[in-house]
Each structure stands twice: as structure tokens, then as C-alpha cells.
Amino acid sequence: MQLPQFPGVNIEILLFQDVSNANDIRSKIAELPYAFIDARTICSVEQLMSAIYRVMIESKYNRLRTKSLHSEVLLALSPTSNIGEAFKKFGISDDTKNLIMIEINQDNDNSSLDKTVVNGEIVDFNDDNLQKNSDVNAIRKIYKIDQSVEFENISELSRATVNAIQLRGI
Amino acid sequence: MVNLNTVEPRNGRDYYIALGLEGSANKLGVGVIKHPRLASMSGGDNSHNCEVEILSNIRDTYVTPPGEGFLPRDTARHHRNWVIRIIKQALEKAQIMDPRLDIDVICFTRGPGMGAPLHSVAIAARTCSLMWEVPLVGVNHCVGHIEMGREITKAKNPVVLYVSGGNTQVIAYSENRYRIFGETLDVAIGNCLDRFARTLKIPNAPSPGYNIEQLAKNCKNKDKLIELPYTVKGMDLSMSGILAYIDSLAKDLFRGNKKNKLIFDRETGEPKITVEDLCYSLQENLFAMLVEITERAMAHVNASQVLIVGGVGSNTRLQEMMGQMCKDRANGRVHATDERFCIDNGVMIAQAGLLQYRMGDYVKDLSETVVTQKFRTDEVYVSWRE
Amino acid sequence: MSLSHTLTLNVPFENSNQANIAMKVLQPDPILKPQDFEVTYTTEGNDLVASFASIDDRVLRVGVSNVIDSIKTIIETMDEL
Amino acid sequence: MKSPSALYNSPDITEKSFSVKESESRYRTTNGKTTGPSTYVLNAGQVDIDKPSDPKIDHVTQQPTALSKLRMELTGIQDDINEFLTERMEVAKNKKLKTQNSLEEKRIENEINELLDGGDGDNDDEEEKKEAHAK
Amino acid sequence: MSQEIVDAVSQYLTPNVPIKLISQGAEAVVFTTPVHPYCPSNEITKDSKPVQYIIKYRSPKKYRHPVIDKQLTKHRTLSESRLLGKLYLIEGLHVPKLIATDAYNGYIWQEFLGEDLPNDCGFSNLKNYLWMNAKDPYNDVVKDTLFKVGEQIGLLHINDYCHGDLTSSNIVLVRDTNGTNWIPYLIDFGLGSQSNMVEDKGVDLYVLERAIISTHSSFSDKYNDWLIEGFSSVYKKQGKGGVQKLNEVLKRFADVRMRGRKRSMIG
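Residue numbers (UniProt numbering), protein chains in the order written: chain A, 1 to 170; chain B, 1 to 386; chain C, 1 to 81; chain D, 1 to 135; chain E, 1 to 267.
FYI, nobody ran anything at the bench for these hints, they're computed from the structure. Treat the hints with care, as some may be off.
To be verified - Heads up, simulated BS3-like pairs for lysine-lysine below, C-alpha to C-alpha not over 25 Å straight-line:
{"no.": "1", "chain 1": "E", "residue 1": "Lys70", "chain 2": "A", "residue 2": "Lys60"}
{"no.": "2", "chain 1": "B", "residue 1": "Lys217", "chain 2": "B", "residue 2": "Lys374"}
{"no.": "3", "chain 1": "E", "residue 1": "Lys222", "chain 2": "B", "residue 2": "Lys261"}
{"no.": "4", "chain 1": "E", "residue 1": "Lys148", "chain 2": "E", "residue 2": "Lys222"}
{"no.": "5", "chain 1": "E", "residue 1": "Lys70", "chain 2": "B", "residue 2": "Lys327"}
{"no.": "6", "chain 1": "E", "residue 1": "Lys62", "chain 2": "B", "residue 2": "Lys224"}
{"no.": "7", "chain 1": "E", "residue 1": "Lys20", "chain 2": "B", "residue 2": "Lys222"}
{"no.": "8", "chain 1": "E", "residue 1": "Lys20", "chain 2": "E", "residue 2": "Lys62"}
{"no.": "9", "chain 1": "B", "residue 1": "Lys217", "chain 2": "E", "residue 2": "Lys251"}
{"no.": "10", "chain 1": "B", "residue 1": "Lys222", "chain 2": "B", "residue 2": "Lys261"}
{"no.": "11", "chain 1": "B", "residue 1": "Lys374", "chain 2": "E", "residue 2": "Lys148"}
{"no.": "12", "chain 1": "E", "residue 1": "Lys86", "chain 2": "A", "residue 2": "Lys141"}
{"no.": "13", "chain 1": "A", "residue 1": "Lys144", "chain 2": "E", "residue 2": "Lys222"}
{"no.": "14", "chain 1": "B", "residue 1": "Lys374", "chain 2": "C", "residue 2": "Lys33"}
{"no.": "15", "chain 1": "B", "residue 1": "Lys327", "chain 2": "E", "residue 2": "Lys74"}
{"no.": "16", "chain 1": "B", "residue 1": "Lys224", "chain 2": "B", "residue 2": "Lys261"}
{"no.": "17", "chain 1": "E", "residue 1": "Lys97", "chain 2": "A", "residue 2": "Lys141"}
{"no.": "18", "chain 1": "B", "residue 1": "Lys222", "chain 2": "B", "residue 2": "Lys327"}
{"no.": "19", "chain 1": "B", "residue 1": "Lys327", "chain 2": "E", "residue 2": "Lys251"}
{"no.": "20", "chain 1": "D", "residue 1": "Lys16", "chain 2": "D", "residue 2": "Lys95"}
{"no.": "21", "chain 1": "D", "residue 1": "Lys93", "chain 2": "B", "residue 2": "Lys88"}
{"no.": "22", "chain 1": "B", "residue 1": "Lys220", "chain 2": "E", "residue 2": "Lys222"}
{"no.": "23", "chain 1": "B", "residue 1": "Lys156", "chain 2": "B", "residue 2": "Lys201"}
{"no.": "24", "chain 1": "D", "residue 1": "Lys2", "chain 2": "D", "residue 2": "Lys56"}
{"no.": "25", "chain 1": "D", "residue 1": "Lys95", "chain 2": "C", "residue 2": "Lys24"}
{"no.": "26", "chain 1": "B", "residue 1": "Lys217", "chain 2": "E", "residue 2": "Lys62"}
{"no.": "27", "chain 1": "B", "residue 1": "Lys224", "chain 2": "E", "residue 2": "Lys74"}
{"no.": "28", "chain 1": "B", "residue 1": "Lys222", "chain 2": "E", "residue 2": "Lys62"}
{"no.": "29", "chain 1": "E", "residue 1": "Lys74", "chain 2": "B", "residue 2": "Lys222"}
{"no.": "30", "chain 1": "D", "residue 1": "Lys16", "chain 2": "B", "residue 2": "Lys88"}
{"no.": "31", "chain 1": "C", "residue 1": "Lys24", "chain 2": "B", "residue 2": "Lys364"}
{"no.": "32", "chain 1": "D", "residue 1": "Lys21", "chain 2": "D", "residue 2": "Lys51"}
{"no.": "33", "chain 1": "E", "residue 1": "Lys74", "chain 2": "A", "residue 2": "Lys60"}
{"no.": "34", "chain 1": "E", "residue 1": "Lys86", "chain 2": "B", "residue 2": "Lys272"}
{"no.": "35", "chain 1": "E", "residue 1": "Lys49", "chain 2": "E", "residue 2": "Lys74"}
{"no.": "36", "chain 1": "B", "residue 1": "Lys327", "chain 2": "E", "residue 2": "Lys62"}
{"no.": "37", "chain 1": "C", "residue 1": "Lys33", "chain 2": "B", "residue 2": "Lys88"}
{"no.": "38", "chain 1": "E", "residue 1": "Lys135", "chain 2": "E", "residue 2": "Lys148"}
{"no.": "39", "chain 1": "B", "residue 1": "Lys224", "chain 2": "E", "residue 2": "Lys70"}
{"no.": "40", "chain 1": "D", "residue 1": "Lys16", "chain 2": "B", "residue 2": "Lys93"}
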């Protein structure tokens, strides 16, 4: 996949269900050229893509705050600028069952995405599958959305997360 | 349909002559103008193209001692004591032999302005009217500026920025009125500059604003700007906060208040800024605000021309900035007049008054000639435009 | 308080026309404090007659002097123009 | 042509009349004593360059025209009236100081200033007047 | 419109994002595009009509000093984005959806709202809508619309936000699902701020009132009444405390209006 404003950059996104080796992935996460996100924290395609778009804008103007585009995705998802906190909230943990694997490839090479890293079932990366696995309460908590705010549907929640992602640190 | 020949010139002439009297503030102005009676004016809005001929334009300014403002009563005294002499000069210069026969209409400023000065000129206007049996027209001062500006620059339907000692307005024409789209919510731009000039103790001659402009030109540090509040509120603006702030900076500078690290270097204690820097920053900031609200009005009414009128309009930096803004808009053009017309004068009153007169709209009863301090631009029914 | 302080001013012009003009010029202006000050203008032959009535001498002084200032302007206009 | 005249009346005095005394110089100038610049500007160093115009001289008789004569006589009468009323104001003021509170005093003072400045009776323009002064 | 600006925008967006200029406001140039910056799936609605997005670009203003220009552009891009984010969370308040912000360059992507009015009456902002209704200026739908506009402003103010540039062009009308009534959206928050100051609220109301007077003069009295009715209704729902707050705002509104009128003092 490509973003219209960044035609030279390939983005691969895989959604895994019933992952059995989260523990194993975590142990070598530093060496893997991917981003792994706990799918519980993502309620829509829009939410994740909004973060990736922000990563690309920050990257274009040399404003990355982490070591790689991949780690920057986790920061970009976060409503706060605390990198450690972002990793903790959006990164996978040992008991993660559903996760999103992302590769951002700037060199326009063929994808080197190694699906075998994750033991789990690949399902389509779309809103329906994301919503099945997302934890609305956890998302509300992460994005500090006041309990008094009521959402009629997931797309409203998604919109609130997009706002937070776009507005972080500004 | 606008017919600017609704009233024919008097005594079978093929041209109109108007006498204009202005005295709303510290300037007393008398002017005589001539409009040829053009057949083309019978049908259509050509009020910006009357082929005006200025037969005379005499002005006398009431001058106060340095650092002092002008009181209404002393200004009125100045006008009262000079008005007849100035009218006489203006008539002579215009070679008006017999005003009874040669003048079509006497136009005077009915407001807005200071009550007593306005009144003293109105008395002379009424007397002339009755004595010569020539009709009267009471003119809105601001409309006078607008009509003179339109005639001089031939701008048919511009957004008007009216900037003077007492007024800061963005005006556009719509449905027979000059509507105020934006204005100052507190002090006027000219007043703001004048007051800052007094803080700086710079001379009042030829005008405080002119001297600030010259100081600003001499600023040696134009890359750096002293940060000032920027207070645009939609199409309105506010300047009192800016004035209070820059005043305090100037006072700290003069007083040598070393605690103010904006002004004095932390280490050496030397001043980092000069009076020129202050003037430059103030102008850049205030004028950017003026240009912005003008552009907002242009966007709102879909206009491409700007006309700057009023005393502050003669500032070349303001004109330059406005020109740049217009250039970046579609077919934008800025029009400004020079100091002869920017600064209050009698000719502008004659121009607006004669337009009104030619539409048949003149004083029928002297009770209509009572002057008024408050007279908003949009109160005037503009019969001479479509 | 009543308008018990009064002053009548007589200004003799050269002819009744002049007196009439002066009256017409002065008449339109409203009285600023009608409860404290009144003025009426009439003509008697060639004379303009201004009758003032005021609550006290202060208000009377200001009002009368202002009107005389205006009359002087009127006279000068007739004289010079 | 006759000369201008005036007649004053108030509850505490019988008629006071004002008339032109031809011999006195105050009836032969256009520049009145009581109609000069305000003390405010004079104190600030103002030089009066805005005096009234001189009388018009009839080139046949080499005398001031009748209207100029009227204007000068009226100037003198104006001075007479102003001086007389000012004097009475002083007297009244001294009396008042003992009897009346300063509030009423202030109201009249303000109103007089307003009248002098040609206000149109609208009280909320005080602020603007200050601004005008500031200029 | 200067081609220079369009070229700069096209270059920034790359040829993958086709743009159409829709307006050159005073501080921003506004384009539409059918391309979503990051969600291709959002480019078609359920009824498979292509969606439009707004790209708002605050171009550098050459007339003003670069220091002022940079600061204003950044400040306004940020505060507009920030407000869109915060206001979205207020129940009942309608603002366009924020899609993306590039504060370094003065770009904001937003949801496109509104439509073209029938009979060439232009885009469905309040200004054009009122002009469209000039022949039947006091019809029930107009009244309903203006009341709802008032409500939107009431909601904004009661939550202590101010718009800063409330003109009839900055209120966009969107047809409701029945297609008969109109739902007003507030747009253009570049001069907006979080503020609990009555002064700011009074100025907001004054600016809108004057915008109505200057563009729809013949009907402005009633129009402004309806706006204020809607505005007040929001406060009145909050009981005594709300009414007290309302009175404070309305009183200041009257003061600001008087100040404005008084301004025409000296020529």
C-alpha cells in the first residue's frame, strides 16, 4: 500500500488473530524490521493509517523522535509524547492474541516482510476484523476520553482517536 | 436607475460647481469643484468618474503646542475665526465672481466629528446658503473620503480602508449604503500612532504619524522584530493592548529599567533595541492587522480593489503592504490618494455633496443641517450608486 | 428650579432681510439642556432679538456667549462674502 | 444703524442693561477679551495666531463697514456680559461653597464643559472627548 | 489567485492528489480533492458517490514581516486543528472532521461539508443560503436554520470556546437526512480560542450581528433576533446559573455594540 503524498514508500500491514508466540516475538523485537501493535488498541483502519501518515510527515521534515519509522508508529498512535508509555500501551505483551504487523519500506525494494515471524491466522486488515478484536474501554482509557462523552458508534470513537493522533504535541 | 443629471446645473450652465466646507476635527478645509454635465451620467452608476475639476483646495490646520492635543472649544474658535477668510480665498482662487449665480450647492460636514468645530462651520454654511440662495447638502465626513478616493483613483467598487486619527474602518458598498465590515473595537489607528509619538516625545510637525514612519524607515534591525500582541478579531481589530504594551517598553527604555530583559542585555546591560526598532515593529504589526482585515472583507464580498483613505492612508509602508496583498489576489489592485486628499479637506465634502445634490437630495429645511458628533458611515443613503 | 435668569439681546442689522437670515441660521440648533436653558429668536424690524432664560448665571454665560459667537460669524459672512 | 444692546434679569437683582459706549476701545475691536484661547493651551505655551479677522474697511469712507462696526460692538457687549456673569458666578460660588455639596457643583461644571465643547447632550461620549483632548 | 500558490500546493501534495481551488479566503487558500491522505477505503461512500476532502493551506503572506507571518501561520494552523479536535467531543456541536494536520507547512485536511445550492446560489454557507431565501426571507425553514445557528454558537460559548471570526461565510449548512431542514456546522477556527472571557463572547456575537447587517441588511433585525433566541435557548437549558451567564454575555454584547457605534467620533 502507498500513501498518495508519499509514492516512494511501501507500507505492508498484516492483521493476525490467535497468535501463539507473542512472547517469542517480544524477545527479538529489537532486531525485527517491523512494528508490532496490540490489536486491542486499534478500532479502525483510519486510526492506524492516521498514525502512519503522521509518521511520514514527521519523517519528511526530519522530526522523528524515535530510532525508526516502525517505532515511530507506536509513538504516533499515542496521545502523549512519552515514548516509553507509547510502547507499553500499543506494543504487544506476552499474552497478546491479536496483533498488527507493519512494515514501512522507504527504499521501494520488494517487500521483505516475513510472515512466518508470527504464528497466527492472517485475516483481512479491515474495520470489521479490527472491531472484533478491539477493546473499546482500553482505547477510551489510553486516549483519556472523558466518560461523559458518549459515542453512538465505533466511527465516532475512531474519529476521536484520529484527532488525538493528529494533535499530539501541538 | 441612477441619473446623476436629475438636477440640472443652475443658470443654464453646462457644468456644476460645488463649494465644500470641512471642519470636523483640527483641519479647516474649503474647496471648490466643477463637474461637467455629461449626457452619459443620465443612466448608470458613473459616480466614480465625474471628471471632477478642482478649482481650489485651501486648508488651514489648528496647531497646538508640542505634546498637546486639541480641545474642541479651541478648535472651534480656530474654525470660527478663519472660516470666512478661507472661504473667500477659495472662491477667489476658483474665480467665482458671483456665488449667487456661479455655485450650485454648498456642502458642509454634518458629522461625525467634534461638536463645536462642526457647528462653527455649519453656521457659516447656513448663512452663505440663505444669503446667496444656494441649496445646502450636509455630508458625512467618511463618505466624503470615500467619494473623493473613488473619483481620484477611478476605482468603481473598491473595499475601502478608512484610517485616520479618529476612525479605523473597513467599508464596502452594498444596497445603497457604505457598510462597515470591520472596525476598531477601541482606539483608532491614527490615535494609537499619535499617542505613541507623544510617549516617544517626537515632534508633532508635520504630523506625529509621519515622524513615526520616518523613524521606522531608519530601523537598522529589520530582520528582528519586537514581538507585539496581534489582535485581529474577525474583520475587527483591537489596538489598545498593543499601545499599552509598546508604551511600557518605550518607558522602560527611557527609564533605563535594566530588569526588562527584552530591552536590556542580560550581561552587558546595554539596550538591545532602539526607538527606531519600536517604531518599525509597531508599524509592521499594526499595518499587518489592517491589511489582514481588509483582505478578509475582500474575500467576504468578492472584491478585488482596495481604496485607502484617511490621513494614515498616506503612509507609504501601509500602501506597499496593501499592494503586495492585492497582488497575491486575483487581479487585485490598491488605490491610494496623496496627502492633498488623504488629509481632511473641503474638496472631498464638495465631491460627495455634489453627487448627492445631483440626485436631487439636498436640504429642504434647515433643521436637517444640525451637526452630529456621531454619524455612522452606514447611516447615509447612497442614492448616487446602483 | 425655574429658568429665572434671563437675558434679552438686541442685534440691529442693516435691514430686515439680514435679521431674518440670522434668525433662520440660529434657530435649528437644539438646546442642549432644555431643562436648564432656553432661547427663542424673533425679529423686530431690522433687529434680531434673542431671549435667553436659564437656571443660573453659569449656564446663561456659556449659552449667551456661544450664540454671540455664532452671530459674529453670521455678521462676518454677510460683511465679507 | 443702532447699536446692539442687552438686558439682564434675575430673582436677586433688578434689571441690568448692557449698551455700547462708543468712546471705549472694547467696542472698536473684533478681538474680544473673553473669547481668546482657553487657559489650557495658553499655559502650554500657545501663541494666538487664530485671532478674528480685522474689520472690513469701506474704501470710500475709509471707515469700518456698518456690519464690521456691528461685529465689533457686539464683541464689546459680549465681553461686558461675560465679565458681568462671571463676576456673579464667583459671588454665587462663594455662597454656594458654604451651603451646597460639591456633587451638584460638579454636575454643573461638567455640563458647562459639555456645552463649551458643543456636545450633543449625549452623556456617554465623555471618553471620546478625552481622546480628542489627547490628540 | 496567484498561480504561484497553486503550484506550491501541487508540488507539496504530489500529482497523486489532484486539487481544485474553491476559495481564497483572507488567511487560507481552500482546495478540494477526492483523495484521502491515508485511507483509500474512505474515498467512496456507501452509495458509491466520490467523497470530497478539504485541504486548507495557509500560504505565507508576503505583505507581512516574515517573523509575524511564520508565527501567525503556525499559531492558526495549530489552534484550528486543536479546536476541531476538542469541539468534536462536545455533544451537539457540529464541526468538520479533522483528518490530518501538517503544522510545519500550514496544511489541514478536513471533511468536506455542504453542497452547491440550487439556482446558482453558490455554496451552502449561511451567507449564500440567506441570499437564496431573499424572496421569502422569513419562511419557517430560515427561522429554524438561524435558531440552530444560534444554538451552535451557544454551545460553543457555554463550553468556553470562542470562534473569533463568526461571519455568515463561516457557517456551513448541511441538509438533514430528510433533505428539508439544514444542520449548521461552524468552520474556520483559525482565530478561535478557549476562553471564558465575556468580552470574547460579546465580540463574537457582535461580529456575527454586523456580518448579518452588512450582507443581509433588509432582514437583519429578525435574523439577529432568531440567532439570539437559539443562542439563549442553550443557556436557558442550564437553569438559573445558565440564565445568569447568558445575561452577562448579552450585556457585554450590548456594550461592545455601543462601543462600536460610538467609534465614529472624529473624522
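Hint check results:
no.: 1; hint: E:Lys70 with A:Lys60; verdict: 19 Å, holds
no.: 2; hint: B:Lys217 with B:Lys374; verdict: 36 Å, violated
no.: 3; hint: E:Lys222 with B:Lys261; verdict: 54 Å, violated
no.: 4; hint: E:Lys148 with E:Lys222; verdict: 14 Å, holds
no.: 5; hint: E:Lys70 with B:Lys327; verdict: 20 Å, holds
no.: 6; hint: E:Lys62 with B:Lys224; verdict: 16 Å, holds
no.: 7; hint: E:Lys20 with B:Lys222; verdict: 38 Å, violated
no.: 8; hint: E:Lys20 with E:Lys62; verdict: 23 Å, holds
no.: 9; hint: B:Lys217 with E:Lys251; verdict: 44 Å, violated
no.: 10; hint: B:Lys222 with B:Lys261; verdict: 20 Å, holds
no.: 11; hint: B:Lys374 with E:Lys148; verdict: 35 Å, violated
no.: 12; hint: E:Lys86 with A:Lys141; verdict: 17 Å, holds
no.: 13; hint: A:Lys144 with E:Lys222; verdict: 43 Å, violated
no.: 14; hint: B:Lys374 with C:Lys33; verdict: 18 Å, holds
no.: 15; hint: B:Lys327 with E:Lys74; verdict: 23 Å, holds
no.: 16; hint: B:Lys224 with B:Lys261; verdict: 16 Å, holds
no.: 17; hint: E:Lys97 with A:Lys141; verdict: 22 Å, holds
no.: 18; hint: B:Lys222 with B:Lys327; verdict: 23 Å, holds
no.: 19; hint: B:Lys327 with E:Lys251; verdict: 42 Å, violated
no.: 20; hint: D:Lys16 with D:Lys95; verdict: 21 Å, holds
no.: 21; hint: D:Lys93 with B:Lys88; verdict: 44 Å, violated
no.: 22; hint: B:Lys220 with E:Lys222; verdict: 55 Å, violated
no.: 23; hint: B:Lys156 with B:Lys201; verdict: 41 Å, violated
no.: 24; hint: D:Lys2 with D:Lys56; verdict: 18 Å, holds
no.: 25; hint: D:Lys95 with C:Lys24; verdict: 40 Å, violated
no.: 26; hint: B:Lys217 with E:Lys62; verdict: 18 Å, holds
no.: 27; hint: B:Lys224 with E:Lys74; verdict: 18 Å, holds
no.: 28; hint: B:Lys222 with E:Lys62; verdict: 15 Å, holds
no.: 29; hint: E:Lys74 with B:Lys222; verdict: 21 Å, holds
no.: 30; hint: D:Lys16 with B:Lys88; verdict: 39 Å, violated
no.: 31; hint: C:Lys24 with B:Lys364; verdict: 13 Å, holds
no.: 32; hint: D:Lys21 with D:Lys51; verdict: 23 Å, holds
no.: 33; hint: E:Lys74 with A:Lys60; verdict: 18 Å, holds
no.: 34; hint: E:Lys86 with B:Lys272; verdict: 41 Å, violated
no.: 35; hint: E:Lys49 with E:Lys74; verdict: 34 Å, violated
no.: 36; hint: B:Lys327 with E:Lys62; verdict: 10 Å, holds
no.: 37; hint: C:Lys33 with B:Lys88; verdict: 35 Å, violated
no.: 38; hint: E:Lys135 with E:Lys148; verdict: 21 Å, holds
no.: 39; hint: B:Lys224 with E:Lys70; verdict: 13 Å, holds
no.: 40; hint: D:Lys16 with B:Lys93; verdict: 48 Å, violated
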